[in-house]
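As you go down the protein sequences, you meet chains R and A in turn. Residue numbering for the first sequence follows our numbering, starting at 3 and increasing by one per position. Residue numbering for the second sequence follows our numbering, starting at 3 and increasing by one per position.
There may be inaccurate statements among the hints.
No copy labels: a pair is met if it fits in one copy or bridges any two.
[Stated by the list, open to error] Derived DSS-like pairs: lysine-lysine, alpha-carbon spacing no greater than 25 angstroms straight-line:
#1 Lys296 / Lys4
#2 Lys296 / Lys369
#3 Lys232 / Lys209
#4 Lys14 / Lys287
Bear in mind the hints are in silico, worked out from the structure with no lab data behind them.
Number of protein chains: 2
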Amino acid sequence: MKIKYELHKKDKNTLGRYGTLHTNYGSFETPMFMPVGTLANIKTLTTDQVKAEGSAVILSNTYHLWLRPGADIVEKAGGLHKFMNYDGPILTDSGGFQVFSLAKNKKDIVEEGVHFKSHLDGKKLFLTPELSIQIQNKLDSDIAMSFDECPPASASHEYLKNSVERTLRWAARGKAVHSNPNQSLFGIIQGGAYEDLRNFSAIETVKMDFDGYSIGGVANDGESKEDMYKAIDYSIPYIPENKPRYLMGVGDPIDIIEGVIRGVDMFDCVLPTRIARHANAFTRKGKINLRNAKFKEDFTPIEEHCDCYTCTHYTKAYIRHLVTSGEALGGSLLSIHNIRFLIRLTEDLREAIKEDRLLEYKEEFLKEYNWKHD
Amino acid sequence: MKIKYELHKKDKNTLGRYGTLHTNYGSFETPMFMPVGTLANIKTLTTDQVKAEGSAVILSNTYHLWLRPGADIVEKAGGLHKFMNYDGPILTDSGGFQVFSLAKNKKDIVEEGVHFKSHLDGKKLFLTPELSIQIQNKLDSDIAMSFDECPPASASHEYLKNSVERTLRWAARGKAVHSNPNQSLFGIIQGGAYEDLRNFSAIETVKMDFDGYSIGGVANDGESKEDMYKAIDYSIPYIPENKPRYLMGVGDPIDIIEGVIRGVDMFDCVLPTRIARHANAFTRKGKINLRNAKFKEDFTPIEEHCDCYTCTHYTKAYIRHLVTSGEALGGSLLSIHNIRFLIRLTEDLREAIKEDRLLEYKEEFLKEYNWKHD
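Bound conformation, chain R alone (with noise of 0.2 angstroms):
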């Protein structure tokens, strides 16, 4: 079965929209958060874990699992979801991303596909659209990405406009090597900062009728937040409202904010448990760094309402003191923390959809929070 997107109910004065994704491995509310298992396995945490924090749809990563352990032994495994031992859904990425910001020297970039290295030895490497589905066929993800170019943000639109016609061509190959019945296929939306190309991207992306649609590119290093706006400013009115809409790579709160309002259905990111790793906590008032001498003797929990299962059981006092012993379990509540602060987050956009109020909520939320806060 392919997935299916339920709408419920449209923000007034937004874009912002909350609904309902089905999936072979249960339904999930949007706008959701999900977490990045990108080696089959949300760093440090049990599958349980994670869910108990009320993660539903959770991704991992093509490029790394071809790499380590190999698709035929997934495959063999019985897929993902068995490998892994999470009865949710999967959403796997396409690759491409991690191709064009990972892979060791220089890419050669051909009409068939990406001569590359891998970061791990140095071998030489061959990418291509069809190889990327195949890969993700025998993952067995419940939700596959196409293949696309990921060019930076500084990039040209002369550049851009050829990177966007080739995403297109590969995203047709990818899709019709597309094979298995229980999975289902996203087109991804390219095209930077420019409104032509996020128009022309957009259009000829939904032309080809993907299960949904996700834009892209706008979580490269380099891009300022006006242009990652824009991005989903002029790729979502194409996008059919009966699709689901997907922004790749993006976890920073205000960014889930903003997307929500422009009507993006799903987000994920490495972000909260990248720098729960560096001992860092999101709050509703910015994040903060445990290892400061200030929580030596705090016994309060991260934050005093917080329902996850760190700040239920623990202090920060216990938590900067696992950080700055170096005990791995620091960093491991600090994740539970971090994305159980981001489900909660879109929970609470979704209850602003529905009361019509989510321009208030995004005032309140700035009100309070400081990126920088400490």
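Model the placement of chain A on the given structure of chain R, informed by the hints.
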């Protein structure tokens, strides 16, 4: 309230015994293996994850907590139970072993205590029997240990004789300042593998009337298994039947069996978590290393009939993928299995005692078990 040991049943053919230890934080049956949470956490795991494997009592470390975060912070948190979110019994060791094994450079043992340098920053420190007990009073563990000297396995009879006598004087000094009415205090029997010294140490320590007795100095580098068994044999007969006996630092499955046969009630060791960090798992056939390529497509659990969280949710192929990819979750899942393995071993040993078949159990176990298996 002090702890209370209740003897249920003795094995007919050995000194093995089955009992219950009652503490302020619940009762647990003995023999029992205690996972080690050196720095107020069992590495990478939450206390709920550890409890789920049948763990009832855990160990934490006076030396490490004295250095980080400091006894005053733990005291201000409301004691170790509250600080680390553990509502089961906690035993703290005295710091003696760490001072002698971990501390940097030369130690200077004087009658008053031990001068040594911090293993973290080389800072000069001085630990005395009184200070060790005062720290443990503040940590508010259920069971505290007397501060003892842990001489190397190679120590001469002459050296050990003086050391045993000093440890007795230190035990008396520690007992004199012990002031936490909810905390029990154990005496530690030393004396290497010498019958006269172990006898002497046991008799004199028992005269001081502690709440329980430890057999120390048995997990030193270079000590033979025969010497360890001798140390137990020469100590146990002098410990009153109504007091618990704790063999310190022992977690090798065969040593646990041999210890139980010799009348030991409690064991602790970092082995299950330490070998897990090196990708090793205990099995009934011996230790296996999950990095081994033969597990690449092995979609069975570490042990077919194991009831631990890891074996009921994950395969060897998945754990191999995690450990070869450097994902910390691999070590966590292996720690869970290894802790369960040792706790189930003590469960099995209790059943064997109930049925007077402790020696048969040992034979069956040894028939299958090979430490270097893989």
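Here is what the structure says about each hint:
Taking identical chains as interchangeable, the C-alpha atoms of lysine 296 and lysine 4 are never at most 25 angstroms apart, the minima being 51 angstroms within one chain and 36 angstroms between chains. Taking the shortest alpha-carbon separations for lysine 296 and lysine 369, only the intra-copy value of 24 angstroms comes in at or below 25 angstroms, while the best inter-copy value is 57 angstroms. For the identical chains of this complex, lysine 232 and lysine 209 are intra-copy neighbours only, at 22 angstroms inside a copy versus 81 angstroms across copies, given an alpha-carbon limit of 25 angstroms. In the homo-oligomer, the alpha carbons of lysine 14 and lysine 287 never lie at most 25 angstroms apart, since the shortest distance is 28 angstroms inside one protomer and 66 angstroms across protomers.
Violation of the numbered hints given earlier is confined to hints 1 and 4; the remaining hints are satisfied by the structure.
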